[in-house]
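Turn these sequences into a full structure, and let the hints steer you where they fit.
Protein chains: 2
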Amino acid sequence: MKALIIEAIGAPLNFRDWDDPEPGPGEVVVGLKAAALNHRDLFITQGLYPGIKTPGILGSDGAGLLDGREVVLAPGKNWGTDARVQSTGYEILGMPGLGTFAGKIAVPHAAVHPKPGHLSMTEAAALPLAGLTAYRALFTQGAFQKGHKVLVTGGGGGVALFCLQFAVAGGGEVWVTSGDDEKIDRCKGLGAQGGVNYRETDWHKGLLKAAGEFDLIIDGAGGAGFGNLLRLAKPGGRISVYGGTQGMVPNFSPQLLFWKQLTICGSTMGNDAEFADMLKLVATHRIVPVIDQVFALSAGNEALKRMDQGAQFGKIVLSIP
Amino acid sequence: MKALIIEAIGAPLNFRDWDDPEPGPGEVVVGLKAAALNHRDLFITQGLYPGIKTPGILGSDGAGLLDGREVVLAPGKNWGTDARVQSTGYEILGMPGLGTFAGKIAVPHAAVHPKPGHLSMTEAAALPLAGLTAYRALFTQGAFQKGHKVLVTGGGGGVALFCLQFAVAGGGEVWVTSGDDEKIDRCKGLGAQGGVNYRETDWHKGLLKAAGEFDLIIDGAGGAGFGNLLRLAKPGGRISVYGGTQGMVPNFSPQLLFWKQLTICGSTMGNDAEFADMLKLVATHRIVPVIDQVFALSAGNEALKRMDQGAQFGKIVLSIP
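As given, the protein sequences belong to chains A and B, one line each in that order. Just so we're aligned, residue 2 is where the first sequence starts under our numbering, counting upward by one. Just so we're aligned, residue 2 is where the second sequence starts under our numbering, counting upward by one.
Because the hints were derived from the structure by calculation, they are not lab data. It is possible that part of the hints are untrue.
[Claimed, not checked] Here are the simulated DMTMM-like pairs of lysine to aspartate or glutamate, each with C-alpha atoms no more than 25 Å apart in a straight line:
id : chain 1 : residue 1 : chain 2 : residue 2
1  : A       : Lys235    : B       : Glu303
2  : A       : Lys235    : B       : Glu92
3  : A       : Lys150    : B       : Asp83
4  : B       : Lys210    : A       : Asp83
5  : B       : Lys54     : B       : Glu214
6  : B       : Lys235    : A       : Glu275
7  : B       : Lys150    : A       : Asp83
[Stated by the list, open to error] Partial chain B-side listing against chain A, Cβ under 7 Å, derived:
id : residue
8  : Gly237
9  : Met249
10 : Ser254
11 : Thr264
12 : Ile292
Bear in mind that the values here come from a model prediction, so they are computed numbers and not experimental data. Built from N, CA and C at the ideal position, the CB exists for glycine as well.
Structure representation (C-alpha cells):
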C-alpha cells in the first residue's frame, strides 16, 4: 500500500510504499478512503510527544471500507475497565502503533463502526478523535444539559467546533471566544449566540455584559486566560478542560473556586461507549463536521503546514485514493 | 448581657454590656454557654473582609440553652433554594449580623439543633462552621466513599481535623500534611495512617512513595503547593478545595488535569441539610471535636492572639459564664 511515513522527527513526511498490514488476533483490515489531522500528529512530527517511534504512520482518524461496508474507526483502544479514566495500556491510533495516513489499517474488530449515513467519507473521517473528545468533555465531564448557557473557548478548533455543534443540537445557548472575528461569525453561522475576541482588553468583561455567567465552560487552552474563566462561570457552574495549548495557568484563584462552588474537570479522549453515543448523536441530529480543507494523502505535508499556521476553521482532511 | 464587641477594625475587642437581642419574626433567643473562633473572626478584626460593620459582635459558632434544652446553632442562614450553591442572601453568624461572642443571640428557630448528647458545651461549640465546611468538602463535593485513600492538607486546622475525623469514621485511609511534625503525630493519634512535612524539599515525592496516589485530596491552602496535589491525585481522582490561605495558585497544569481526568471542586460552608447530616454523623460515630484551648469570653483577645500565632491544634473555644 501507499502511506505517508514519518521517517524521522523534524523531517517532512514521506509518501511511499509500505507493507500491507497483517491483522492480529481479533483484528480486521480496513481499506481507508479518508483520514483527518489532529494537533497530536503535528506535535509528533515536531518531536513534542513521548515515545515516538520511527519509521511509522501517523493519523488517528479514519473512514473507509470493510467488506464493502462504509465504516468509521474508533480512534483509541484498550481504554480499560474504569469508565472514569483510561488505563495505562490505552493507545491512540497513529503512535506508537500504525495510523490512518495510509491505504489500509489493521484495527480491533470492535473499533469498526458503521459510518453515519448522512456523511461523506471525508466528513466521517473528520469525526473520530475530535468528536469523541468533545462528547466526553461536554456530556460526561461537563454534565451538559438542555438549556445550559455554554462558553466554548478557541472557537475555530476541531474539538471546540464539535462542542459548539453538539451543545446547539442539545438545546444549549452557546457562546464562543476566538482570536479572529471572522471565526466568531462562522461560529454564529453554526448556531452560536455570539462571541468575543480574546485579543480585546478585558474581553471577559465584555462577554459577561453580553451573555451573563455560564453554566458550563469548555476550554482547550489553559494559560493566562484561564483565570478569567472562573469569573465567567455561574456560581455552582462547571469548567471542563480538554487541552492546554497555552500551557501552565499562572493565576488560578482558590477563592473564586470555593466561594462560587465551582467544579473544574479534566477530560481527554473517551471510552468505547462514549464513541458509540457520539456517533448516535451525530446521526440523530444529522450533524455535519466542519471541514476546513481536503488534501490528497500525498500532499500530507501541505496539510500539516496548514495546521501549523493555525488559520484553519474545522478539520483538515486527507483523501485517500 | 455581656458581649465581646468589635468597636473598630484593628482595635482589641472590648468586653462590655450590650443590649439583649430582640427576636425577629421566626426567631428565638438562645442563651450561649460556649462559642468558638474561626479564621473569619480574626480576618474581620484585621479588616480583611468585605462589608464590616462596627460596633458589632463576632462569632459564628455557638452552643447553649433554649428553654432548658441543650442546643447547638447552625452557623449560616438564607442558603437559598439551590443545594449546589449559596444564594447572595446567605449570611454567616457574626457579620454582618450579630454573632456568638455574647451571652445571648437571636437566631432563626430552624437554626437551633439538639446538642449531640456525648459532647460538652465547649465541644459542641467547636463543631458548627468547621464541621459543616468539612462535611460538604468531604462528602458532597469530595464524593468521599468508604475505602478511599484521602489526603488532608494543613493537618492542624479546624476544618482539616474534622475532615480527618469524618473520613476515618467513614472507613477511609487518611494521610495528612503539616508544617509541624508534632501535629502530624497528633493526627496519627486521631487515626491518620501517616503524614509528611510540607517544609521538606520534594515532600510530594516522599508522600507518593509512602502512600501512593490519592482518591481524594482536601485542601484549604492553594498557593504554590497546589500544583503538587495534581501529581498526588490518582487518575480519575478528586481535589476538594475549601480555602486558599496561601493565595493564588501560580502553577496549575491543564495537562495533568485532563490527562488524569481529575475533578477539582470548590466547597464553602454548607446548606441546612448538610448541617443536620453532619450532626448525625458526629452523634453516630461519637466524634469529639479536637479542642486546642478554652478561654473565658472576657479573654477573647488572648484567644484571637493564639489563632494569629497559628500554633493551635484544633479549635479555640470561648467559655461563656
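Hints versus structure:
Between A:Lys235 and B:Glu303 the CA atoms are separated by roughly 41 Å; this puts the pair beyond 25 Å, and the hint is violated. At roughly 19 Å between alpha-carbon atoms, A:Lys235 and B:Glu92 fall within 25 Å of each other, so this suggested pair holds. Note on A:Lys150 and B:Asp83: the hinted pairing holds, with a Cα-Cα distance of about 17 Å set against a maximum of 25 Å. Of the supplied pair hints, the one linking B:Lys210 and A:Asp83 holds, its CA atoms being roughly 24 Å apart against a limit of 25 Å.
Between the alpha carbons of B:Lys54 and B:Glu214 the distance comes to roughly 46 Å, so the proposed pair goes past 25 Å and is violated. Using a Cα cut-off of 25 Å, the hinted pair B:Lys235 and A:Glu275 holds, with the two alpha carbons roughly 22 Å apart. For the hint pairing B:Lys150 with A:Asp83, the CA-to-CA distance comes to about 17 Å; that is within 25 Å, so the pair holds. A least Cβ separation of about 4 Å between B:Gly237 and chain A falls short of the 7 Å threshold, and the interface hint therefore holds.
Hint status for B:Met249 relative to chain A: holds, with the closest Cβ pair at about 6 Å, below 7 Å. Against a cut-off of 7 Å between C-beta atoms, the interface hint on B:Ser254 holds, since the closest Cβ of chain A lies about 6 Å away. Evaluation of the B:Thr264 hint against chain A yields a held restraint, the C-beta minimum of about 4 Å falling below 7 Å. Restraint check, B:Ile292 versus chain A: the minimum CB separation of about 25 Å is more than 7 Å; hint violated.
Of the numbered hints listed earlier, those contradicted by the structure are 1, 5 and 12.
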